[in-house]
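Asker: Each chain, letter by letter, is given below.
Number of protein chains: 2
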Amino acid sequence: MKTAAIIGGGVIGGGWAARFLLNGWDVSVFDPDPEAKRKIAEVLAQARWALPMLYDRALPAEGRLIFAATLEEAVTGVDYIQESVPERIDLKHQVYAQIAAANSDAPLGSSTSGFKPSELRDGMPTGGRIFVAHPFNPVYLLPLIEVVPGDGANEDVVARARNILSSVGLYPLEIKKEIDAHIADRFLEAVWREALWLVKDGIATTEEIDNAIRYGFGLRWAQMGLFETYRIAGGEGGMAHFIAQFGPCLEWPWTKLMDVPELTDELIQKIGDQSDAQSGHLSIRELERLRDTNLIAMMRALKARGNAAGALIADHEETLPRPDTRAVPMITIRRVIPIDWTDYNGHMNESRYGQVYSDAADETMVAFGADADYVAAGLSYFTVENTIKYLVEAHAGDACHVTTRILLAEGKKLKLFHEMRRDADGEVYSTCTQFLLHVSLVTRKTCPPRSDVAEKLANLAATHAEGAS
Amino acid sequence: MKTAAIIGGGVIGGGWAARFLLNGWDVSVFDPDPEAKRKIAEVLAQARWALPMLYDRALPAEGRLIFAATLEEAVTGVDYIQESVPERIDLKHQVYAQIAAANSDAPLGSSTSGFKPSELRDGMPTGGRIFVAHPFNPVYLLPLIEVVPGDGANEDVVARARNILSSVGLYPLEIKKEIDAHIADRFLEAVWREALWLVKDGIATTEEIDNAIRYGFGLRWAQMGLFETYRIAGGEGGMAHFIAQFGPCLEWPWTKLMDVPELTDELIQKIGDQSDAQSGHLSIRELERLRDTNLIAMMRALKARGNAAGALIADHEETLPRPDTRAVPMITIRRVIPIDWTDYNGHMNESRYGQVYSDAADETMVAFGADADYVAAGLSYFTVENTIKYLVEAHAGDACHVTTRILLAEGKKLKLFHEMRRDADGEVYSTCTQFLLHVSLVTRKTCPPRSDVAEKLANLAATHAEGAS
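Protein chains in written order, with the working numbering: chain D, 1 to 469; chain E, 470 to 938.
Simulated from the structure, these hints should not be mistaken for laboratory data. It is possible that part of the hints are untrue.
Unchecked claim - As a list, the in silico SDA-like pairs of lysine to any residue whose alpha-carbon atoms are at most 20 Å apart:
1. D/Lys2 x E/Ala746
2. E/Lys645 x E/Glu624
3. D/Lys200 x E/Ala746
4. D/Lys116 x E/Val668
5. D/Lys176 x E/Asp670
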């Protein structure tokens, strides 16, 4: 069993502790703050909820969490040490000196955002094993760790540290040269500064600024970052073409107080070469397809939760025409098969047929008055059995529709028969016989539907029975 | 039928055209570039692929695309005009004057990122209906439009424009005061400038910078933006506490060349009040849960595609222990039910059981040698029928496992029986009888399994038959 020492609790230290514990490491924490136990317990509770959900496989059994009485006790015999104490160099040096007396070998990462490794290491015993390992909140979910070894680092120790960080699901991004604020915080700070001006000058509120980020470039950056996105904007002309278009903006008035790098031919060449090395294996069309696939997948994931940009898409969807549920059989679904429904076989995954039929049942419910208000009032139908036949492969981009017939509606019981067809030629992809029971969402037990809904359902079922003759 | 005029093709104009067309509007395009038709056709092809996939309902029938011979013809009688010509004010003024002669009423949005509405409007006839409507690439997918009316705008026309933009699925963010570069491009430019320094100084490559963004804060910004994220970082102390911690960084050496707003009590109060108005209806714990839910949903969506941060998570997952398929019945799944699998009934959606059983079948295949290499070699199993019984509700966070028994393995035929159980008490959530056929992924037709796989499968099936006795 491996052990990590977490020096300094709080949100960052707690996040580190959670990362290691939930990946099966033992963790010994030292923090003199009397509130440390409570703070770490709070972070850990949230991390225990969140991190296991990322994966489609169980995490290993959780490690043991120990609160050490002293710094020395915390670090003795451990395999990795992460320091997250307040950003004061004298304090950090004091901590490192004490650590060196008890453990001279384990990699010692610092969560610092402000200090360079040369500053951390200055005058320290066993300084070569000290490096920057700067995480991002929430540490238990976001993979990025900026690893800055700097000159004088013990390369073997840093290599060992990188392996350890990777083994707990992190992404150690090694930064070649040390620099104030590393990389990411330089961006964060540039944006923060600009945002403060906008609020101060009354141009936009905090909410408007957040919306300007999360409904636009935030979604791009979540999956491609800056340069690969701009490579697409440059089109077949590539980065050089993009810079020719966008570069001159750097000298526009709103940058007058900034120190701006000159766009020399050399710098443009350097960016172009690096971008080729990064993305040159894909054509612009392929990059565009990749970007759009990611945007669709992320926005649909947010839509399913009703959050952020997903809430906007859901609102817009409500204005789109509903299928014609007055027909017999009813048309309950008209849609296109989205890319996030396909699997490694290159076709729609079997589980997504269940999604289609679940949605068809929802639309059927709406047709007889068991709508969103009805559900909000605590009544609904739960599916108890589905038999799905898979006849013809369905692919991303296929336009399709589902017809639904009520086979049985009797008290709590409801039986539906769905057929999913390709719009182009009417070919049947799949059929489903679905058996549902009416339930109270309060007791979670079966109960008869409300009389008005029962009556509407009976009428609809009668129409379907006639239509079938 | 409503018609939009798109003045200026290219990637931006093409994106606007696609937005309107795919939402059922007719579109008339004017662009003197002889390549305009080709360029717009390319954008439109990609948009036709992408946009319908965002929704779980079909978009309306696509509108008609007309290429107008003259600017006048393009704008005559239309309901909305969007100008996306090159960023030269003389050119824009010339275009606006010609438009005014043929259409004096329709809202006239400009895609400009550099000009303020007062500059666009200066000396123009019917200038009050001109405003900034700045989109983000890809215009057919990203919802954000920065709408800047500025002083002297015709408010009725701008209100009409906002309704039109919303009706085609866009999010018009109205910016109170005109300012160079509006809002979002100020952030983009600040980050771009910083990125150029990092490349120039050899601190990081374009790829490292993109990774620093997309594996960390990019994911945060895609769903919450800047201030709401930082509100969480401030903890129960809120924004004021956060600024007290982070604010001093503004005066650190790496900002020495920047004009930095002074963090007066007044500014801190203003930010705190705006943040309260934006996010005060949720506690910090609720915001944290919201953030993590969104991060999990987005990262899992990327994982399913094998892209960006999702690729990192998939790699890490491969290192996690597999379930014990040597047991009888085999344990094929050990996992936690993720939040993105739950629906409006507050429990795991019926379709996700299909996902679990699909994954259990994959793991069963691996157990008898039909693994990823086998699939890559062009052979696989397709499910042809599933019968799923839903017995007990499953909830997000539940740890569960699936046992699988081979009921039949005969030539192309494979029949499995799965039981999904709660780890805590062994309660059976659901069962599935799954019938699969062996297929060639090349011909997409059934065929017998490869002999080595058939033999392993036969042995495994025999073990299961014994175990059942």
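Asker: Hints first: check each against the structure and report whether it holds.
Answerer: Cross-check of the supplied hints:
1. D/Lys2 x E/Ala746: Given pair D/Lys2, E/Ala746 is violated - Cα atoms ~46 Å apart, limit 20 Å.
2. E/Lys645 x E/Glu624: 12 Å, holds
3. D/Lys200 x E/Ala746: Distance of about 16 Å is within 20 Å: holds.
4. D/Lys116 x E/Val668: 19 Å, holds
5. D/Lys176 x E/Asp670: 11 Å, holds
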